[in-house]
Amino acid sequence: MRYIVIGAGVAGSSACEALREMDPEGEVRLFTDEPYPFYTKIRLPELVAGKVSPERLILKDESWFRQRRIRLHLEEKVTCIVPGPPFSIETTRGSYDADRLLLATGGFSFVPPIPGADMSGVFTLRTMQDALALGQEAERAKRALLIGGGLLGLEAGNGLRLRGLDVEVVEIFDRLLPRQMDPAGAEILQRIMERMGFSFYLGVRPKEIQGSRGKAQGLLLEDGRFLEADLILISAGVRPHLELAEGLGLKIQRGIVVNDEMETSSPGVYAAGDAVEHRGVYYGIWNAAEEQGRVAGVNLAGGGARYQGTLMSNRLKVVGIDLVSAGEIDTEGVHFSEVKSDPDKGIYRKLVYKEDRIIGCILLGDVRGQRQFLQALTHGTDVGELKGKLLSQPEKLGQK
Amino acid sequence: MNKYECLICGYIYDPAAGDLENGIAPDTAFEDLPDDWTCPVCGASKDQFEKA
Chain D
469 MRYIVIGAGV AGSSACEALR EMDPEGEVRL FTDEPYPFYT KIRLPELVAG
519 KVSPERLILK DESWFRQRRI RLHLEEKVTC IVPGPPFSIE TTRGSYDADR
569 LLLATGGFSF VPPIPGADMS GVFTLRTMQD ALALGQEAER AKRALLIGGG
619 LLGLEAGNGL RLRGLDVEVV EIFDRLLPRQ MDPAGAEILQ RIMERMGFSF
669 YLGVRPKEIQ GSRGKAQGLL LEDGRFLEAD LILISAGVRP HLELAEGLGL
719 KIQRGIVVND EMETSSPGVY AAGDAVEHRG VYYGIWNAAE EQGRVAGVNL
769 AGGGARYQGT LMSNRLKVVG IDLVSAGEID TEGVHFSEVK SDPDKGIYRK
819 LVYKEDRIIG CILLGDVRGQ RQFLQALTHG TDVGELKGKL LSQPEKLGQK
Chain Y
10 MNKYECLICG YIYDPAAGDL ENGIAPDTAF EDLPDDWTCP VCGASKDQFE
60 KA
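Going line by line, the protein sequences match chains D and Y. Quick note on the numbering used here: the first sequence kicks off at 469 and runs consecutively. Quick note on the numbering used here: the second sequence kicks off at 10 and runs consecutively.
To be clear, the hints were calculated from the coordinates, so they are not data collected in a lab. Cβ atoms here follow ideal geometry from the backbone N, Cα and C, with glycine treated the same way. Honestly, I wouldn't trust all of these hints.
[To be verified] Dumping the calculated BS3-like pairs for lysine-lysine here, alpha-carbon to alpha-carbon at most 25 Å:
1) D:Lys719 with D:Lys545
2) D:Lys519 with Y:Lys55
3) D:Lys822 with D:Lys864
4) D:Lys719 with D:Lys683
5) D:Lys864 with Y:Lys55
6) Y:Lys60 with D:Lys808
7) D:Lys855 with D:Lys719
8) Y:Lys60 with D:Lys813
9) D:Lys808 with D:Lys855
10) D:Lys719 with D:Lys808
11) D:Lys785 with Y:Lys55
12) D:Lys519 with D:Lys855
13) Y:Lys12 with Y:Lys60
14) Y:Lys55 with D:Lys813
15) D:Lys610 with Y:Lys55
16) D:Lys785 with Y:Lys60
17) Y:Lys12 with D:Lys785
18) D:Lys519 with D:Lys545
[Stated by the list, open to error] One-sided excerpt, in silico: chain D residues whose CB lies under 10 Å from chain Y:
19) Val478
20) Tyr507
21) Leu710
22) Gly788
23) Lys855
24) Lys857
Between the sequences and the hints, there should be enough to build the whole structure, so can you do that?
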């Protein structure tokens, strides 16, 4: 059997590992257009901050692949796949044949259609090379402007701040982390971050990136204000790489559609990780990609593994601050809520109730009780007379 | 000694086992891991761990 895996991120690498365990004999080739083998994207902000070297981010190096007789093709982009099986793969360096195929092509940073976004000095952060380029530019820069106030953006911005830059954040929404936070909680997070040195422009729309001689010098907002910047980082979400899947005529919705075996609509072609959609869900998170990759690897080799979905974690860290956000966080304030807020200490705790059940929670800066609250939320526990009195005594839930 | 779980990938650090691949001997408490120790599965830093 000849296998080709495209993409050496967490899905592609864990697939190769599982595949090799299942089939010690087959020919396995792994292609990536990047010059680095499997590395962790989670720590790219630290690379931007200049706190670590690229080598420290590599999780499986070339010798790891060699030991497993996986042929690692670095800096070799797959340009075209002729349908099969057998499949014929064209790359920037040659052509190869395969009986089975895995698309682990991952995602890329979405760049909204802002005029001027193609100027130099405008960055996104998704790959090691992105981080190195951004870090290099940051060495000469004093002011960074961030477009997008979501989790990834704030972490990347923190990397720049640690490098000594002034960081301004522009967000279309009127608060930070709009999906995880209600207005009051977001304001407390914002104050903590302002004390760290961030500045924010919320509820504003970018109009145009302006500069001279092709180099960005700042962002014009629709309200007419101009924000000067030496570099601009756009952090507007991730989209799946779909070109190869489209070329093969695979079924695509938000991502490449796969079944529980991680097989696409075309027999012999599997897909896993940030490029896929499973049972209508696009995950884009580490542990989902790892599990999908493992299942795909087993099945490429003829095994019978099934992927059942991954529980989305509700626990986060944002710029080093603990945050739990789950369920209906009631941003409009229509439900009965129990709130404990201590802006000076950067603490915001909220439980949202419907009748006698917890239906949502936000815990910022102090996550005590998270286990009990999340359990009660998941199981729909009737909290009875404890309603509205749980934040200070989560242990009472254990007796329910 | 407490076990700690990685918030990113779910790896559990078990102090009884340590992390031999990265030179951490058995019976090393999470608190005693070096600051630059990272999750052996996903590379997350120490501050992404939480008591399991």
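Checked hints:
1. Taken as a hint, the Lys719 of chain D and Lys545 of chain D pair is honoured in the structure, with Cα atoms around 22 Å apart against an allowance of 25 Å.
2. A C-alpha spacing of about 14 Å is found between Lys519 of chain D and Lys55 of chain Y, which places the hinted pair at or below 25 Å, so the restraint holds.
3. The hinted pair formed by Lys822 of chain D and Lys864 of chain D meets the criterion: a straight-line CA distance of about 19 Å does not exceed 25 Å.
4. Distance check on the hinted pair: Lys719 of chain D and Lys683 of chain D sit about 40 Å apart at the alpha-carbon level, beyond 25 Å; violated.
5. Distance check on the hinted pair: Lys864 of chain D and Lys55 of chain Y sit about 31 Å apart at the alpha-carbon level, beyond 25 Å; violated.
6. For the given pair, Lys60 of chain Y sits about 23 Å from Lys808 of chain D by alpha-carbon distance, which is consistent with the 25 Å threshold.
7. Note on Lys855 of chain D and Lys719 of chain D: the hinted pairing is violated, with a Cα-Cα distance of about 47 Å set against a maximum of 25 Å.
8. For the given pair, Lys60 of chain Y sits about 22 Å from Lys813 of chain D by alpha-carbon distance, which is consistent with the 25 Å threshold.
9. Between Lys808 of chain D and Lys855 of chain D the CA atoms are separated by roughly 14 Å; this keeps the pair inside 25 Å, and the hint holds.
10. With a CA separation close to 48 Å, the supplied pair Lys719 of chain D and Lys808 of chain D exceeds the 25 Å bound.
11. Proposed proximity of Lys785 of chain D and Lys55 of chain Y is supported: the alpha carbons are some 12 Å apart, at most 25 Å.
12. Among the hinted pairs, Lys519 of chain D with Lys855 of chain D is inconsistent with the structure: their alpha-carbon atoms are about 46 Å apart, more than 25 Å.
13. The suggested pairing of Lys12 of chain Y with Lys60 of chain Y holds, with an alpha-carbon distance near 6 Å, which does not exceed 25 Å.
14. For the suggested pair Lys55 of chain Y and Lys813 of chain D, the alpha carbons sit about 23 Å apart, so the restraint of at most 25 Å is met.
15. Proposed proximity of Lys610 of chain D and Lys55 of chain Y is contradicted: the alpha carbons are some 29 Å apart, above 25 Å.
16. About 14 Å separates the Cα atoms of Lys785 of chain D and Lys60 of chain Y, which keeps this hinted pair within 25 Å; it holds.
17. A C-alpha spacing of about 19 Å is found between Lys12 of chain Y and Lys785 of chain D, which places the hinted pair at or below 25 Å, so the restraint holds.
18. For the suggested pair Lys519 of chain D and Lys545 of chain D, the alpha carbons sit about 30 Å apart, so the restraint of at most 25 Å is broken.
19. Annotation: Val478 of chain D was flagged as interfacial toward chain Y, and the flag holds, the nearest CB pair being 7 Å apart, inside 10 Å.
20. Nearest Cβ of chain Y to the Cβ of Tyr507 of chain D: about 8 Å, under the 10 Å cut. The hint holds.
21. Among the interface hints, the one on Leu710 of chain D is violated; its C-beta lies about 25 Å from the nearest C-beta in chain Y, farther than the 10 Å criterion.
22. For Gly788 of chain D, the interface hint holds, the least distance from its beta-carbon to any beta-carbon of chain Y being 6 Å, beneath 10 Å.
23. The beta carbon of Lys855 of chain D is not positioned within 10 Å of any beta carbon in chain Y (closest approach about 27 Å), and the interface hint is therefore violated.
24. The criterion of a C-beta within 10 Å of any C-beta in chain Y is not met by Lys857 of chain D, whose closest approach is roughly 25 Å, and the hint is violated.
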